[in-house]
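Number of protein chains: 2
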Amino acid sequence: MKCSRRIPVTAFRAGEGLLPARQKLVRDVVIPYQYHVLNDEVPGVEKSHALENLRQAGRKLAGEPVTEPFYGMVFQDSDVAKWLEAAAYALSQEDSPALEKAVDETVGVLRRAQREDGYLNSYFTVKEPGREWTNLQESHELYCAGHLIEAGVALYESTGRDDLLKIVEKYAGCIYDHFFRENPRGCPGHPEVELALLRLYRATGNEKYKELSAHFLDVRGQKPNYFEEERAHRGWYRWGDWNREVLNTDYNQSTLPVREQKDAVGHAVRAVYLYTAMADLAGETGEKALSDACRALWQSITQRRMYVTGGIGSTGFGEAFTVDYDLPNDTVYAETCASVGLVFFAQRMLELEPRGEYADTLERALYNTVLAGMQLDGKRFFYVNPLEAVPGISGKAYPQLDDLPERPPWYACACCPPNVARLLTSIGCYAYSTGCGAYANTFFVHLYVGGTVESGLGFSLSCQTDYPWDGTARFTFHGNAETTLAFHLPAWSEKTILSVNGEAQDLLAIAKDGYAYLTRAFSDGDEITLSFDMTPYKVYASTRVPADTGCAAVQRGPLVYCAEGVDNGGDVLSLSFDEQGAVRALPYDAGLLGGIVPLEADGWRTESAGALYSRRRPPRKRAALRFVPYCTWANRGLNQMRVWLPEQ
Amino acid sequence: MKCSRRIPVTAFRAGEGLLPARQKLVRDVVIPYQYHVLNDEVPGVEKSHALENLRQAGRKLAGEPVTEPFYGMVFQDSDVAKWLEAAAYALSQEDSPALEKAVDETVGVLRRAQREDGYLNSYFTVKEPGREWTNLQESHELYCAGHLIEAGVALYESTGRDDLLKIVEKYAGCIYDHFFRENPRGCPGHPEVELALLRLYRATGNEKYKELSAHFLDVRGQKPNYFEEERAHRGWYRWGDWNREVLNTDYNQSTLPVREQKDAVGHAVRAVYLYTAMADLAGETGEKALSDACRALWQSITQRRMYVTGGIGSTGFGEAFTVDYDLPNDTVYAETCASVGLVFFAQRMLELEPRGEYADTLERALYNTVLAGMQLDGKRFFYVNPLEAVPGISGKAYPQLDDLPERPPWYACACCPPNVARLLTSIGCYAYSTGCGAYANTFFVHLYVGGTVESGLGFSLSCQTDYPWDGTARFTFHGNAETTLAFHLPAWSEKTILSVNGEAQDLLAIAKDGYAYLTRAFSDGDEITLSFDMTPYKVYASTRVPADTGCAAVQRGPLVYCAEGVDNGGDVLSLSFDEQGAVRALPYDAGLLGGIVPLEADGWRTESAGALYSRRRPPRKRAALRFVPYCTWANRGLNQMRVWLPEQ
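Those protein sequence lines, which keep their order, are chains A and B. If you're matching positions, the first sequence starts at 1 in this note's numbering and goes up one per residue. If you're matching positions, the second sequence starts at 1 in this note's numbering and goes up one per residue.
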C-alpha cells in the first residue's frame with residue numbers, strides 16, 4: 001500500500017530559487033506562448049492547429065460545415081490537454097484573467113467537440129469517423145483521452161471548477177462501456193490513460209476508474225497479443241513501412257503481461273507512463289507481484305539504461321530503449337518527455353516506499369534533462385537531449401539527425417514543450433508528499449525547493465533556499481504538532497548536516513534508506529536546517545558503457561555539468577580532465593545563463609596538427625576547463641558541448 | 001598523362017608471405033566455395049540463385065519455358081561477373097581443370113543469356129522485359145554490365161581466351177549505341193561501367209569504349225539532373241520509402257559535374273568506383289581539370305573521412321560518407337567493397353603521379369579492412385567493418401544493427417565476398433606498375449609481396465619477404481638492364497634502409513614524394529634489399545574526430561591492431577593504454593590466427609564496481625594489453641574488440 005500520497009497542487013506556493021523561477025517563466029512566458037502556438041498565431045514556427053482541429057470537430061457535431069481539414073498528428077489533441085493541465089496549475093498559483101479566459105475558451109471548445117456518447121477526439125470526429133477504437137495500436141485515442149482526463153482533474157483540483165471534470169468523466173464512462181462491453185481484450189497502444197484514470201479515481205472517488213485502469217494493465221501483453229490480432233483484422237496501417245512487416249510488441253510493452261516484465265523496453269515514453277500507472281496501482285492495491293515488477297523495471301532503467309543526465313531511450317529508432325549499457329552520447333535520443341515520465345515513475349515509487357534512490361533519480365531527471373528541454377527564454381525546446389553536440393556533425397550526419405545542437409521553437413510532434421510546462425507548474429507535488437498507512441503522520445520532503453507547503457497534517461512548512469546553487473535549505477515550521485518530518489538525503493551529498501533550532505542531529509540514528517526521520521513535538525517557528533555538501537565532483541560510468549570509457553563527467557549537487565565551446569575557446573573536443581586535477585566551484589554569477597555557479601576543472605588542451613592520423617601524440621597544454629550546468633546548454637548560439645570528457 | 005601502367009595480371013607470380021597465402025586461400029577455398037554458393041549448393045547460407053537467374057534468361061531467349069522465377073537483387077548478375085573475374089586471375093596462376101570447367105560453363109551460361117542485340121541482364125530478361133534502361137537510377141544495369149566487362153577483360157588477359165571478351169564487346173556496343181543514339185543524357189546510377197570501359201579500351205585498343213566512358217563521366221551531374229528527370233518521367237520506384245520523396249543526388253554523386261566535385265559524398269562504393277574511372281581517364285587524356293578534381297576528392301577522403309583501418313563510409317544509411325570527421329567506431333559502415341574501391345582509386349592515382357601517399361592508403365585499406373572482410377577459413381565474410389564490437393550491443397542495438405561482431409557465411413546482397421576474391425587474385429597489379437611517359441624505363445614497386453614479376457622492361461624481379469611480419473624485402477634482379485627501380489617508402493617506416501648488393505644507398509638523395517628511385521645498370525643477380533622499421537607505434541587521431549578523443553590505436557608496419565576479449569581476459573572495455581608505456585612486438589606465433597606477430601602494450605585494467613555511475617574513480621591495475629592484427633579479428637568466436645582504446 002502507499003506510504004505517502006501526493007499533496008494537492010494548491011498546497012504548495014513557490015518562493016525563490018531555480019525551480020520557482022522556472023515555474024514563473026512557464027506561467028509568464030511558456031503558457032501564453034504555447035497558447036498562441038496552439039492557435040497558430042506564432043509566425044515562423046511549426047504549425048500546430050491543435051485548437052482549430054477541436055473547433056472543427058465542434059462545428060461538425062453542431063451540423064455546421066467543416067471549414068478546415070484536420071492538421072497534424074493523430075494525437076494533436078493531447079497538446080491542448082497538456083497545455084490545459086499546465087494552465088490549470090498556473091491558475092492555482094496566480095490570478096490571471098487572460099489565462100482564465102483562454103482556459104474558459106478551451107474548455108468551451110472541448111465541450112462542443114464532445115459527442116453525445118461522451119467520445120471526444122478531433123482526429124476521428126473530423127477525419128476518420130467510423131474508425132474509432134479500431135486501431136488502438138497506432139491511433140493514440142486512449143493516450144489523448146488520458147491527457148484530457150489529467151487536464152480535467154488538474155483544473156478541478158487547482159480551481160475547484162468541475163466543468164472539464166464532467167466532460168472527462170463522461171468520456172471516461174464512454175471508454176469504460178466500450179472496453180468492458182465491446183472490446184474487453186483491447187488496451188492502449190500508447191499507455192497514459194491508465195495513470196490518468198487513477199488520478200480521476202482519486203479526484204472523484206469513483207471506483208470504476210480504478211477498475212478500468214487495472215483492467216487495461218491486466219489485459220496488456222496477454223496471449224494472443226491483442227495488437228497483432230487487431231492489425232491482422234483491420235488490414236491497414238497508419239505509419240510507415242518500418243512498422244509494417246512484423247509488429248514489434250516490445251515497442252509498446254505488450255510482449256509480456258506487465259507483472260512479468262523485467263527489462264525496460266521499447267518506446268521510452270510509453271514505457272515510463274506504463275510503469276507509472278503500474279506503481280500507482282500497486283500502491284492502491286498493495287499487490288506484491290505488481291510492485292515487484294515495478295522494482296525490476298526501475299532497476300533495469302536506473303542501473304543499466306539511463307544516462308547520467310537522467311535521460312532515457314538510447315535511440316531515435318522507435319524513440320526507444322535498446323539494450324543494457326548502450327548509452328551513446330552522440331546518437332542518443334533521451335526524449336524530454338521520457339525524463340518527464342521518469343519523474344512520474346519515481347514519484348509513484350516514492351509513494352510506494354520511501355527510498356532515497358527514487359528521489360535521487362527524480363532529481364537527476366528533473367534538474368538535468370527536463371530543465372534542458374526548455375530554452376532560458378521559454379520559447380524554444382529540445383525534444384532530443386544529446387550529451388555531446390558538435391556543430392557540423394550533430395543534426396547533420398546520420399544517425400545523429402535528431403540530435404540537434406540548438407532548440408527549435410516548436411515541433412510537428414510537440415509532445416515535449418507542454419509536458420515540461422505541466423511538470424514545472426506542479427513541482428510541489430513532486431517535492432512533498434503526505435504519509436499514510438504505516439507512515440501516517442509523516443510528511444515527506446523529496447526535493448528542496450523554496451516556498452511554502454501545507455502538509456495536510458495540521459501544519460505547514462516554509463523553505464528558504466538557493467538550492468541547487470547553495471546547499472542550505474532552511475525550513476520553518478508553522479503550527480504546533482507532534483509529527484515526523486522525513487527529509488530526503490541526496491546520495492550525492494557526502495556530508496549532510498541536519499539541525500533543529502541550531503542543534504545538529506545525529507543523522508546516523510535517524511536516517512533510513514536515504515531519508516532522515518525527524519520525530520518530535522514541533523512548535524511554531526521551529527527551524528530545521530539541512531546543509532548539503534556542494535563540493536563539485538567527478539562521476540565515472542561503469543566500464544560496461546562503451547561510450548564513456550576513459551571519461552569522466554562533473555556534477556555539483558544534483559546538477560550534471562557540461563563543457564561548451566563558448567566558455568572554452570570554441571573547442572571542446574580537444575579538452576580532457578587532468579586525472580590528478582581538482583574541480584572547483586566558481587562564485588555564483590548572476591549575469592551568466594540566468595544565474596549559475598560555473599565550475600572549473602584542471603585539465604588539458606590537446607593541440608592536434610592538421611593530419612587526420614598522426615604517429616606522435618599531439619602535444620597538450622594545461623588548461624582550466626570551464627563547465628556550466630547541462631540544463632543551461634545551447635543558450636548562447638551554436639557551439640560544441642560535451643558532458644563526458646576524456647581523463648588523462 | 002599516366003606515369004605508369006598496371007602490369008598484366010600474368011606478369012606476377014606470388015611467392016611466400018601473407019598476401020600470397022591469402023591469394024592461395026582464395027584460389028583453393030574461396031573461389032570453389034563461392035561457385036557453390038552462386039549455384040545454390042551450400043545449405044544453410046543465404047540463397048544466391050545468381051547462376052540460375054542467368055540460366056533462366058538463356059531458356060527464355062531460346063524460347064524454352066522459364067522454370068524458376070528471378071531471385072535476388074536487381075544486381076545479382078554482378079556476383080557471377082566478379083566471381084568470374086577472380087576465377088580468371090586464378091587460372092593464370094595455377095592449372096585447375098575443375099575451375100576451367102566451371103568457367104567454361106559460366107561463359108556458356110552468359111552466352112545463352114545474351115540477346116541478339118548484345119543486351120545481357122538476367123533481371124530484365126526474365127523479370128522486367130520492356131523496362132530496360134528506363135530506371136538507370138536504381139536498376140544497376142550499367143553496373144552489372146561493367147562487372148561483366150571486367151570479367152571479359154580479365155579472362156582475356158589471364159588466359160588469352162576471347163569468348164567472353166566477344167560477348168562483352170557485343171554488349172558494350174549495344175550500350176554505346178543506346179546511350180549515344182537514344183539517351184545521350186543518361187549515365188549510371190551506380191558507377192562501375194566507366195572504369196570497366198577503360199579496361200576494355202586498353203584490352204582491345206578500341207577508342208569507342210574510352211569515348212563512352214568519358215561520355216558517362218561528362219554527362220554526370222549536369223543540370224537538369226538526369227536522375228530527377230528520369231524518375232519524374234517513369235513514375236515508379238524500385239526501393240523503399242526512404243528514397244521516394246526527394247532524390248538525394250549526393251547519394252550517387254550526381255549533384256555536380258564530376259570536375260566540380262570536391263567532397264567525397266554519398267554511397268561510398270559508388271563514389272570510389274566513380275573516382276577510379278575519373279583518375280583513370282585523367283591519366284589517359286592528361287586533362288588537368290579532371291586530375292585536380294581527383295586530388296581534391298582524394299584529400300576529402302584520406303584527410304577527413306577515412307578510418308585508420310582504411311575503411312570509408314561512416315553510416316549504413318545509404319552506405320555512405322557523412323560529413324568531415326564523423327568517424328564513429330561503433331555505428332560505422334566501412335563496407336568491404338568501399339575499401340576495395342579505395343584500393344582501385346589509389347592505384348589509378350599512382351598511375352597518374354607516383355606519390356607515396358597513394359600507396360600508403362592503398363596499403364592501409366588492403367591490409368586492414370579488405371583482409372578483415374574475409375574469415376581465415378575463406379568461408380565467412382564481413383560486409384561492414386566496425387572498429388569496436390561489443391557482443392550484446394553490436395548487431396543488436398539500433399543504429400548498430402549492421403555492425404556484426406561475427407562474419408556471416410553469405411549475404412542477400414553479396415557484393416563484398418567476390419570483390420575481395422578478385423582483388424587478392426590480382427594483387428600483383430597493385431604491387432607493381434611499369435613506368436611510361438616521363439617515367440619510361442622506370443619500374444615501380446608499390447607493395448612488398450613475395451613473388452616474381454616481369455617488368456615489361458626486359459627484366460624481372462623476384463622478391464623474398466615475410467612482410468608485414470618482418471620488415472625486410474629482398475629483391476633479386478633477373479636480366480641485365482639500365483633502368484630505374486622506384487620503391488615505395490611507406491610513411492610509417494621512420495628508418496628505411498635501401499641497399500644494393502649489401503651497400504646502403506643514400507636515401508635522401510634518391511627519394512622523392514615517398515618513392516626511392518634507384519637508377520643504374522643492373523646485372524643479373526643484383527640484390528636490392530629494403531629494410532623497414534617495424535617498431536610498433538601508437539597512432540592518434542585529430543581531436544576533430546569526436547569518436548577518438550583521448551584514445552590511441554596501435555600499428556606495426558601497415559597493420560592496424562586491435563584488442564580482442566579472448567586475449568584480454570574477456571573484457572576489452574575496461575582496458576586503457578598507459579600514456580608513458582611501451583608497445584612491444586611479441587615473437588611471431590605460427591600457431592595463432594594463421595601466423596601473426598602479436599603486440600603487447602603497457603596499460604591498465606579498470607575495475608568498475610557494479611554501479612552504472614559512481615563518484616569514485618574505479619580503481620585500475622597495471623595490465624599487459626594484447627593486440628592482434630585488425631585483419632584477423634573475429635576468428636575465435638564472439639568477443640569484444642576495439643581498435644581505439646583510451647590512453648591514461
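Everything labelled a hint here was simulated from the structure, so no lab data went into it. Here the structure is a predicted model, which is why all the values come from computation and not from measurement. Just so it is clear, CB atoms sit at the ideal spot from N, CA and C, and this is done for glycine as well. Check before you lean on any hint, since a few could be wrong.
[Claimed, not checked] In silico SDA-like pairs for lysine to any residue, Cα to Cα no more than 25 angstroms straight-line:
(1) B/Lys396 x A/Gly205
(2) A/Lys396 x B/Ala611
(3) A/Lys495 x B/Pro618
(4) B/Lys396 x A/Trp239
(5) B/Lys495 x A/Ser614
(6) B/Lys495 x A/Arg615
(7) A/Lys396 x B/Gln648
(8) A/Lys396 x B/Trp239
(9) A/Lys262 x B/Leu401
(10) A/Lys495 x B/Ser608
(11) A/Lys621 x B/Ser608
(12) A/Lys396 x B/Gln299
(13) A/Lys621 x B/Ala582
(14) B/Lys396 x A/Asp324
(15) A/Lys495 x B/Ala609
(16) A/Lys262 x B/Tyr613
(17) A/Lys396 x B/Tyr613
(18) A/Lys396 x B/Ala609
(19) B/Lys396 x A/Arg615
(20) B/Lys621 x A/Ala582
(21) B/Lys396 x A/Ala582
(22) B/Lys47 x A/Asp263
(23) B/Lys262 x A/Ala609
(24) A/Lys512 x B/Ala611
(25) A/Lys262 x B/Ala609
(26) B/Lys396 x A/Asp263
(27) A/Lys288 x A/Gly173
(28) A/Lys495 x B/Arg617
(29) B/Lys495 x A/Gly610
(30) A/Lys621 x B/Trp239
(31) B/Lys24 x B/Thr472
(32) A/Lys396 x B/Thr472
(33) A/Lys262 x B/Arg617
(34) B/Lys621 x A/Tyr537
(35) A/Lys396 x B/Gly395
(36) B/Lys512 x A/Arg615
(37) B/Lys396 x A/Ala609
[Stated by the list, open to error] A few chain A residues that face chain B, going by a derived Cβ cut-off under 10 angstroms, partial list only:
(38) Glu68
(39) Pro69
(40) Phe70
Hints and how they fare:
no., hint, result
1, B/Lys396 x A/Gly205, "violated, 46 angstroms"
2, A/Lys396 x B/Ala611, "violated, 34 angstroms"
3, A/Lys495 x B/Pro618, "holds, 21 angstroms"
4, B/Lys396 x A/Trp239, "holds, 23 angstroms"
5, B/Lys495 x A/Ser614, "holds, 16 angstroms"
6, B/Lys495 x A/Arg615, "holds, 14 angstroms"
7, A/Lys396 x B/Gln648, "violated, 31 angstroms"
8, A/Lys396 x B/Trp239, "holds, 23 angstroms"
9, A/Lys262 x B/Leu401, "holds, 23 angstroms"
10, A/Lys495 x B/Ser608, "holds, 24 angstroms"
11, A/Lys621 x B/Ser608, "violated, 29 angstroms"
12, A/Lys396 x B/Gln299, "holds, 21 angstroms"
13, A/Lys621 x B/Ala582, "holds, 22 angstroms"
14, B/Lys396 x A/Asp324, "holds, 11 angstroms"
15, A/Lys495 x B/Ala609, "holds, 22 angstroms"
16, A/Lys262 x B/Tyr613, "holds, 21 angstroms"
17, A/Lys396 x B/Tyr613, "violated, 30 angstroms"
18, A/Lys396 x B/Ala609, "violated, 37 angstroms"
19, B/Lys396 x A/Arg615, "violated, 34 angstroms"
20, B/Lys621 x A/Ala582, "holds, 22 angstroms"
21, B/Lys396 x A/Ala582, "violated, 39 angstroms"
22, B/Lys47 x A/Asp263, "violated, 36 angstroms"
23, B/Lys262 x A/Ala609, "holds, 22 angstroms"
24, A/Lys512 x B/Ala611, "holds, 20 angstroms"
25, A/Lys262 x B/Ala609, "holds, 22 angstroms"
26, B/Lys396 x A/Asp263, "holds, 15 angstroms"
27, A/Lys288 x A/Gly173, "violated, 29 angstroms"
28, A/Lys495 x B/Arg617, "holds, 19 angstroms"
29, B/Lys495 x A/Gly610, "holds, 23 angstroms"
30, A/Lys621 x B/Trp239, "violated, 52 angstroms"
31, B/Lys24 x B/Thr472, "holds, 22 angstroms"
32, A/Lys396 x B/Thr472, "violated, 46 angstroms"
33, A/Lys262 x B/Arg617, "violated, 30 angstroms"
34, B/Lys621 x A/Tyr537, "holds, 23 angstroms"
35, A/Lys396 x B/Gly395, "holds, 23 angstroms"
36, B/Lys512 x A/Arg615, "holds, 21 angstroms"
37, B/Lys396 x A/Ala609, "violated, 37 angstroms"
38, Glu68, "violated, 25 angstroms"
39, Pro69, "violated, 21 angstroms"
40, Phe70, "violated, 22 angstroms"
Hint violations for this structure: numbers 1, 2, 7, 11, 17, 18, 19, 21, 22, 27, 30, 32, 33, 37, 38, 39 and 40, all remaining hints satisfied.
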